[in-house]
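Chemist: Following the hints, position chain B against chain A.
There are 2 protein chains.
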Amino acid sequence: MTVRLNSLVREIDTGKGEVLLDKGESLPYDELVVATGATATKLDIPGADKEGVFVLKTLRDGITIKNYINEKSCRRAIIIGAGFISMEMSEGLRNLGIETEVIYRGDLPVSRWDPEFSKLVLDELGKNNVSFITKTSPLSIEGGNKSSLRLITDNGNYEGDLILMALGVRPNTELARNAGIAIGTTGAVRVDVSQRTSGERIYSVGDCAEVYHRVSSEWVYIPLGDIANKQGRVAGSNIGGNPMEFKGVVGAQSFKVFGLELAATGLDEKAAQKVGFDTASMIIWGTPVARSMNLKKDRLGLKLIADRKTGKLLGAQAIGESGAVGRINTLSACLWAGMDLDEVGYLDLAYSPPFGGAWDTIQIAAQALKRKM
Amino acid sequence: MTVRLNSLVREIDTGKGEVLLDKGESLPYDELVVATGATATKLDIPGADKEGVFVLKTLRDGITIKNYINEKSCRRAIIIGAGFISMEMSEGLRNLGIETEVIYRGDLPVSRWDPEFSKLVLDELGKNNVSFITKTSPLSIEGGNKSSLRLITDNGNYEGDLILMALGVRPNTELARNAGIAIGTTGAVRVDVSQRTSGERIYSVGDCAEVYHRVSSEWVYIPLGDIANKQGRVAGSNIGGNPMEFKGVVGAQSFKVFGLELAATGLDEKAAQKVGFDTASMIIWGTPVARSMNLKKDRLGLKLIADRKTGKLLGAQAIGESGAVGRINTLSACLWAGMDLDEVGYLDLAYSPPFGGAWDTIQIAAQALKRKM
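These protein sequence lines are chains A and B, in that order.
Just so you know, we're using the numbering used here here: the first sequence kicks off at 1 and counts up by one.
Just so you know, we're using the numbering used here here: the second sequence kicks off at 1 and counts up by one.
If you are wondering where the hints come from, they were derived from the structure by calculation, not from laboratory data.
Don't take every hint at face value.
Identical copies carry no separate label here, and so any pair may be met within one copy or between two of them.
To be verified - Once the Cα atoms are required to be at most 25 Å apart in a straight line, the calculated SDA-like pairs of lysine to any residue come out as:
id: 1; residue 1: K297; residue 2: G259
id: 2; residue 1: K312; residue 2: N229
id: 3; residue 1: K296; residue 2: G259
id: 4; residue 1: K297; residue 2: E91
id: 5; residue 1: K370; residue 2: S237
id: 6; residue 1: K312; residue 2: R233
id: 7; residue 1: K296; residue 2: G225
id: 8; residue 1: K119; residue 2: T14
id: 9; residue 1: K247; residue 2: D307
id: 10; residue 1: K312; residue 2: N242
id: 11; residue 1: K72; residue 2: G97
id: 12; residue 1: K297; residue 2: L122
id: 13; residue 1: K309; residue 2: I45
id: 14; residue 1: K66; residue 2: R291
id: 15; residue 1: K23; residue 2: T185
id: 16; residue 1: K66; residue 2: P223
id: 17; residue 1: K72; residue 2: L27
id: 18; residue 1: K372; residue 2: R233
id: 19; residue 1: K296; residue 2: S322
id: 20; residue 1: K370; residue 2: M244
id: 21; residue 1: K247; residue 2: P353
id: 22; residue 1: K312; residue 2: E343
id: 23; residue 1: K296; residue 2: E91
id: 24; residue 1: K247; residue 2: D340
id: 25; residue 1: K296; residue 2: L260
id: 26; residue 1: K312; residue 2: L120
id: 27; residue 1: K146; residue 2: E31
id: 28; residue 1: K274; residue 2: S131
Fair warning: this is a prediction, and the values are worked out from it, not measured in the lab.
Only chain A is shown next, with the shape it has when bound in the complex (with noise of 0.2 Å):
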């Protein structure tokens, strides 16, 4: 294997099976694989290049970010955005000291969350004094008084040292694009679960490719890390002789803002819709540990979306201050296996008054749900 850094790849070339680098070089292949990963959406406005405006997707990003906060003593920014990477730095910056202003164009923060779970972030957000800025969208970005930057939109101006677009990302599709290599409706290279493209002797992994969704049963864009080193590992035991397939994922996903964890997985009641099924949710309040036990009053969330039809469930979102994440990962295996609410209403967990009710959150909300369909 030869490691060439500092090259590009101008182009594929599949009749001659060689790619072409930006040197007028050019490499033959056996088998290629396009990881070509994805680039952070930088708003198109005036002003979007100037210095102090960033966004945050590669390790080289947070490391540029850094030193500028630590070069210009920055002590205000602003995050335009509300996903969970704006979530987490925004909890950074204030970690810093950092006086943060959120700007988003809809209502609450984390729409992947039910808007009571939303709602409770954005209390978060406020006890940690970081601003959130509502039903706003920037127009441009000016030079500032009180501050290097100043972000003009239609509900007012904001200043800051620092202005980070945490807007998503997009894949990077134009290499394959270009060598005539199919892309799927999502915009992502299509794949199958060897990770083969359509293209001969050409894989994709990664945050460019799809990924097969086990709930949906259809194929996704989820540009998330994990899923990219499993995609990694298959196109390479693949490549090296060891066939291998990609089971697909059921959308686990989690984070931490402040004092909170979110997790979800599965399908929202929207994207469940949107593949035909006929949805029934509900939210559930426990807690992380039996009531005897609960000694802070912590409190956990629990929504489950289930399919009336065949009463399997469909996806499950959870909040607490702990907790959320170990339920959901069990939920993940439930999904995984294709359990209706009344196997997930009577799983067998750990049960110890410390980390659970004898009757856990899980399957209190499994059987509440199963009884109002």
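Modeler: For chain B alone, kept in the frame of chain A given last:
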């Protein structure tokens, strides 16, 4: 429904379909549920009935012990046995400032877990000033000098104001047995998935009854509170006219001792080999959060047991300061669904650095064990 307190059932007359109460009264039944529970094992040694010698099974036992501790200003306690009740009580007693010694006939506490994990429990007891006396069997109990009681053993004498026998429980089956109801090979009341016994219109649930183990496909005796709850619900539903089956258990269990979480599910090697599996197993030491986040250097130990023939997961054990129970619950759902190591190794879990690595310890362990097989 009539509730009769302070009434003891002396006998079940299955011919007449009635129960005979202690006061000579008889009570007819349409359906009967035998929920006679279990009795904590008490050593049959001289002095076992002395004041200050306890078992802990019921809420009343707990209150009695608490009152005794307060009234007698208890300073030293002896616990006989080293299961999870012993562990939980050693923590409870130490938290009250009581000197605590655990007396055990074996070498290591909590024998369900691998010796490597049990040794960490032993360390945790030591750190919290609980003495653990091994290879020691009690012979009798007398009055003491420094404390009110003295435990005479085959390995020296130990004094304490309180002696707790934490030696497990046995099912209360006398009433069922006398009525001719079938008792299983485990010694508990034999039931089917509807909680019906061999007696006509007679059900049994809880700590007196057997339960179906989905991994071993055998009827076993696991007297735990969450299982009793489920069985009661199933019997009630069947009696009430809504037919329902209890889908069984996978043997999930957990407890906390001082700063450690322990959890286990499925079969250990001995139990798996006993029912004919050709086992392979492996312990992996990971972390409960991503290595990049693990400032406290917490470790998470995970042991997996699998079947060489089918590659199926058979059991799991975990230990750590955090994250053990969540992992075991996820693996319990995997066991419930009968997953093999390939599936467990590529399960979709909610990855985020504060809650695990891109490859979680679950996935690393499943893949490592698969390679070993």
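Chemist: Is the C-alpha distance from K66 to P223 at most 25 Å within one copy, between copies, in both cases, or in neither?
Modeler: within (24 Å within a copy, 55 Å between copies)
Chemist: Checking an output row: K312 and N229, CA cutoff 25 Å. Within, between, both or neither?
Modeler: For K312 and N229, only the inter-copy Cα distance (23 Å) is at most 25 Å; the intra-copy one is 29 Å.
Chemist: Please work out whether the CA atoms of K297 and E91 approach to 25 Å or closer within one copy, between two copies, in both situations, or in neither?
Modeler: Cα proximity of K297 and E91: in one copy and across copies (24 Å, 22 Å).
Chemist: 25 Å Cα cut-off: does K372 pair with R233 within a copy, between copies, both or neither?
Modeler: Intra 42 Å, inter 18 Å, cutoff 25 Å: inter-copy only.
Chemist: Within a copy, between copies, both or neither: which one fits K370 and S237 at a CA-CA cutoff of 25 Å?
Modeler: Between. Shortest inter-copy distance 15 Å satisfies the 25 Å Cα cut-off; intra-copy 42 Å does not.
Chemist: At most 25 Å between C-alpha atoms: does K119 with T14 qualify within a copy, between copies, both, or neither?
Modeler: neither (51 Å within a copy, 59 Å between copies)
Chemist: Have a look at K297 and L122 and pick one of within, between, both or neither, based on CA distance no larger than 25 Å.
Modeler: Within. Shortest intra-copy distance 20 Å satisfies the 25 Å Cα cut-off; inter-copy 32 Å does not.
Chemist: Can you tell me if K247 and D340 fall within 25 Å by alpha carbon in one copy, between copies, both or neither?
Modeler: So K247 and D340 pass the 25 Å test inside a copy (20 Å) and across (13 Å) alike.
Chemist: My question is about K309 and I45: at a cut-off of 25 Å on alpha-carbon distance, are they close within one copy, between copies, both, or neither?
Modeler: Classified as neither; 47 Å inside a copy, 61 Å across copies.
Chemist: Classify it for me, K296 with G259: is the Cα-Cα distance of at most 25 Å met within a copy, between copies, both or neither?
Modeler: both (13 Å within a copy, 18 Å between copies)
Chemist: Is the C-alpha distance from K312 to E343 at most 25 Å within one copy, between copies, in both cases, or in neither?
Modeler: Intra 9 Å, inter 20 Å, cutoff 25 Å: intra and inter.
Chemist: Within a copy, between copies, both or neither: where do K72 and G97 come within 25 Å Cα-Cα?
Modeler: within (14 Å within a copy, 54 Å between copies)
Taken one by one, the earlier hints fail for this structure at numbers 8, 13, 15, 17, 26, 27 and 28, listed in ascending order.
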